[in-house]
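Going down the list, the protein sequences come from chains A and B. Using the UniProt record's numbering, read the first sequence as starting at 1 and increasing by one per residue. Using the UniProt record's numbering, read the second sequence as starting at 1 and increasing by one per residue.
Hints listed in this document are in silico derivations from the structure and should not be mistaken for laboratory results. Check each hint, because a few of them may be wrong.
One-sided excerpt, in silico: chain B residues whose CB lies under 7 Å from chain A [to be verified]:
| hint | residue |
| --- | --- |
| 1 | 227 |
| 2 | 369 |
| 3 | 601 |
Covered by chain A, per the in silico footprint, the following chain B stretches (three or more residues, Cβ under 8 Å) [claimed, not checked]:
| hint | segment |
| --- | --- |
| 4 | 119-126 |
| 5 | 602-615 |
| 6 | 641-651 |
| 7 | 721-734 |
With a straight-line cut-off of 25 Å between C-alpha atoms, the simulated BS3-like cross-links for lysine-lysine are [stated by the list, open to error]:
| hint | chain 1 | residue 1 | chain 2 | residue 2 |
| --- | --- | --- | --- | --- |
| 8 | A | 2 | A | 133 |
| 9 | A | 2 | B | 72 |
| 10 | A | 291 | B | 725 |
| 11 | B | 549 | B | 527 |
| 12 | A | 195 | A | 133 |
| 13 | A | 2 | A | 39 |
| 14 | B | 91 | B | 262 |
| 15 | A | 39 | B | 72 |
| 16 | B | 458 | B | 28 |
Even glycine gets a Cβ: it sits at the ideal position worked out from N, Cα and C.
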Amino acid sequence: MKPFSYARATSPAEAAAAVARTPNAKFIAGGTNLLDLMKLQIETPAHLIDVQDLKLDRIEETKDGGLRIGAFVSNSDLASDARVRRDYGVLSRAIVAGASGQLRNKATTAGNLLQRTRCPYFYDTNQACNKRKPGSGCAAIGGFSRQLGIIGTSDACIATYPGDMAVAMRLLDATVETVRPDGAARAIPIADFYKLPGSTPHIETALVPGELITAVTLPKPIGGTHIYHKVRDRASYAFALVSVAAIVQRDGSGRVAVGGIAPKPWRVEAAEAALPQGAAAVTPKLLAGAKPTHDNAFKVTLVERTLAAALIEAKG
Amino acid sequence: MKFDTPAGQNPIDQLKHVGKPIDRIDGKFKTTGTAPYAYERHDVVANPAYGYVVGAAVAKGRISRIDMAAAKAAPGVLTIVTAESAGPLGKGNFNTAKLLGGPEIDHYHQAIALVVAETFEQARAAAALIVIDYARTAGRFDLAKELKGAPLHSEKGKPPVTKIGDFDAAFGTAPVKLDATYTTPDHSHAMMEPHATTAKWDGDKVTLYTSNQMIAWSKGDVAKTLGIPKDNVRLVSPYVGGGFGGKLFIRADVILAALGAKAAGRPVKVTLTRPMMFNNTTHRPATIQRIRIGAGRDGKITAIAHESGSGDLPGGGPETAVSQTRLLYAGANRLTSMRLAVVDLPEGNAMRAPGEAPGLMALEIAMDEMAEKLGMDPIAFRVANDTQVDPEKPERRFSQRQLVQCLEQGADRFGWKQRSAKPAQRRDGQWLVGMGVAAGFRNSMAMKSAARVALDKKGIVTVSTDMTDIGTGTYTIIAQTAAEMMGVDIDKVVVQLGDSDHPVSAGSGGQWGANNSTAGVYAACVKLREAIAQKLGFNSADVTFADGKVRSGNRSFALTEAAGDAGLVAEDAIEYGDLGKTYQQSTFAGHFVEAAVHSLTGEVRIRRMLAVCAAGRILNPKSARSQVIGAMTMGAGAALMEDLAVDTRFGFFVNHDLAGYEVPVHADIPHQEVMFLDEVDPTSSPMKAKGVGELGLCGVGAAIANAIYNASGVRVREYPVTLDKHLAHLPPVA
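Chain A extracted, bound-state conformation:
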């Protein structure tokens, strides 16, 4: 860990401005990911702006019948909120499928959206990694890639977005609300929030430097049966090999998003029309253009089979 300075922000706009004007500054909320990365010198901020005093920790109903989740609502509070459990079950289930109780108590909504990949080559500073050190190459390509991406990846990076909550957020068409360093607010549809790596895998989101997430809004509930099926090697406390978030309506129509396979929560709206025909009809469209490695080719099959399991679960 490099020595760093630390300050606490008192308003979102001030926090955003402070990070924008201070060289190599970062926000810290729960710190469940950032502190680990700092200890390993994967992240080396010179200055931290702590945003935990900003009181963005409420869940409120929106005028159009949705929910507005403050950026610093903890994962535990979000997953256990009665409205979330009733109307957005897939979100609650996705959150509790991740991490551990202790981590979920500390992790925040905004921070969780921004958690970084678990690619083991990203985590080892002796190895080449374009995401950690732009231009250094990608040691994961041709290396141990069982956990890594099969779609949306590039010649520069095959890392995945590792989280669960964002997969459900993507399924629910959430919107990320932010404040920019100039004080202007904006709303980013989650479909546009994550960037594919291309030749710049170190750029992971649409956020500009200093831009602070203030809330995530969910549109009004769409009903249906909510499923989050996370597949991993052990029963708990592991990142997904593949996770399937699905909402299935009585007529068999619905939505599906997949975690563990791509640099972002993976959803292809055009593939969803085939849901009534089953997993085998959806998967080729969902995974069109997939480029798995030797180690993770099984994920193609696993997506289809996990979706099939989810559809059976949805029927009850």
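Model the placement of chain B on the given structure of chain A, informed by the hints.
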């Protein structure tokens, strides 16, 4: 005390304390945070500086340049130790690679520098400022490739291949046969407490507060590595937060703490960070095992061959995965051998049940496969091939062998009858459910072990030995032994462990710790009883020790009186004759598992596990059970998830943290049961005990793999049995 004839009746047989499921006497210290571990010795070392280890960034090569200017100038830095600054160092008898590398690099994350600073954070930040250039050289990292043409390994003057009868002829003509290859990956000990040492010099003498299983071995290796007399080295390791074989030997923390403290002129503490442990320290080597079994239609094995290959750094040793196959089943024609390839990965070495753990993972799948080929129940097949004698030397009987009882009683308890002989028959919703069984086997090893026992005027019995408690319950069983022998309550016994100033014990390894260390305490107590009897003018043959008193005929004294103001002290060791040669001393288990496989996703979940163990006298059923359930959990890890992933381009274990190297969590282990069969083994020691700490692991992995096969109908021969290996063969999506 020489133990060379089977034990007769002795005071341990009273079983007033020994054999009782009492709570750990050290439990309250651990649960209240007052048990001092190596990195937290504030109680004895004031104001230590902090050392941070720098590991090599390449697997093989040479440091071409090292620039430490910025690190030396960083805040708080006191000194930096490198191979160059340390001067010539020796290498311990139990180490393969040097603990401080440079300029030559032997493996990834080999320690090459120690930064010592006022705080841990300063040392860590400064360590990142050291600039090192390497001249990388080609290495051998792919075990399967390197095993081609690798030489047969022979143990110290023994022939490299064991042959009994004519395996080739018998296998060639056997009506039913199996020829299959199984692989096990590299495993990490992944114990809770990282390697850690606090070092303090007084003149030319060094005291090392460390976390170590084998004090005397390690004291010798510290002296050898540092080039100082053994008498100038003291190791102290009263509490060990898990070792599993990873702390049998000294590692970089010990030597670097000593060197750092010398260079800084003040005490230094060093711990390995978790991401460094996987490549810096030792691991259980991967194996590629070929097993051939031939049998008659009656189910009797006529030919059995087990050939294993593994790799290690130059000068290292093999994973002895064939050893159990020489003893476990009958069969007239037998063959075992091991090949050892040179690989430039981190150092391979012992991990809990070395040899048997991976060996049985393969052999006990092979037995399951053979049973199916024969149309026999897997238990009946094992029973049909039981042997009460060493199959290679039929004149040697097993001292005790209740494998058949373990399997048959376990079958009743587990409901084995409900298992479908045909796989993939039982469904529970989307899950396919099956049962598996495997035999467990691990030898009982006799090791010299000494102790000192003192009685003071308050009637307190103090036992001192360099024996270690690695979370196993040693403190407690030693207290039980001394209480039994001296006729006092447990709370009158004080146990002092893990200090090289104490008499040399067997140490903790190879599941030999419990039997041997308590037998050493027994020997010392016998001597103390004699000293007490002599002092009181008793004939020691008819003296009894009970209720804090010593009696002979109608004369009786309180122990407090007998001790007098000066107290009494006795020291002795248990030393063994050749009973271990006359008899084959082993422990046995039947492992039973019910597992479910998701018919679509291939996820595997264990539903319940049972171990039935026959392992001599169980000294404390509670701590023994804890050992076995812990071992079963480790077996679940080996079967389902543990796998150090080798990058064969760069030569390192890629998943080197606990997020990447998965071990079981609570949710993986829903239900475990352990049964101990009544057994005493008079040939093992005066304690008539053996060991269970490794037996509990031996065979578990195969029982799980066999249960998965019985559930899914898909046989996986490459551990771990992860879903990607059977997914494509599961029932198609409807």
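Against the structure, the hints come out as follows:
Interface restraint check: residue 227 of chain B against chain A, minimum CB-CB distance 31 Å, threshold 7 Å, status violated. Annotation: residue 369 of chain B was flagged as interfacial toward chain A, and the flag is violated, the nearest CB pair being 24 Å apart, outside 7 Å. Given the 7 Å rule on beta carbons, the hint for residue 601 of chain B holds: about 5 Å separates it from the nearest Cβ of chain A. Residues of the segment 119-126 of chain B with a Cβ under 8 Å from some Cβ of chain A number 3, which satisfies the need for three, so the listed coverage holds.
For the segment 602-615 of chain B, the stated coverage by chain A holds: 3 residues have a C-beta nearer than 8 Å to a C-beta of that chain, and at least 3 were required. Interface restraint, the segment 641-651 of chain B with chain A: holds (6 residues with C-beta to C-beta distance below 8 Å; minimum three). Judged by the Cβ-Cβ criterion of 8 Å, the segment 721-734 of chain B is covered by chain A as claimed, because 8 of its residues qualify and three suffice. At roughly 16 Å between alpha-carbon atoms, residue 2 of chain A and residue 133 of chain A fall within 25 Å of each other, so this suggested pair holds.
Proposed proximity of residue 2 of chain A and residue 72 of chain B is supported: the alpha carbons are some 15 Å apart, at most 25 Å. At roughly 20 Å between alpha-carbon atoms, residue 291 of chain A and residue 725 of chain B fall within 25 Å of each other, so this suggested pair holds. Using a Cα cut-off of 25 Å, the hinted pair residue 549 of chain B and residue 527 of chain B holds, with the two alpha carbons roughly 17 Å apart. For a cut-off of 25 Å, the pair hint linking residue 195 of chain A to residue 133 of chain A stands: about 17 Å separates their Cα positions.
Between the alpha carbons of residue 2 of chain A and residue 39 of chain A the distance comes to roughly 8 Å, so the proposed pair stays at or under 25 Å and holds. A distance of roughly 19 Å separates the Cα atoms of residue 91 of chain B and residue 262 of chain B; the hinted pair therefore holds under the 25 Å criterion. Simply put, residue 39 of chain A and residue 72 of chain B have alpha-carbon atoms about 20 Å apart, close enough for the 25 Å limit, and the pair holds. Proposed proximity of residue 458 of chain B and residue 28 of chain B is supported: the alpha carbons are some 23 Å apart, at most 25 Å.
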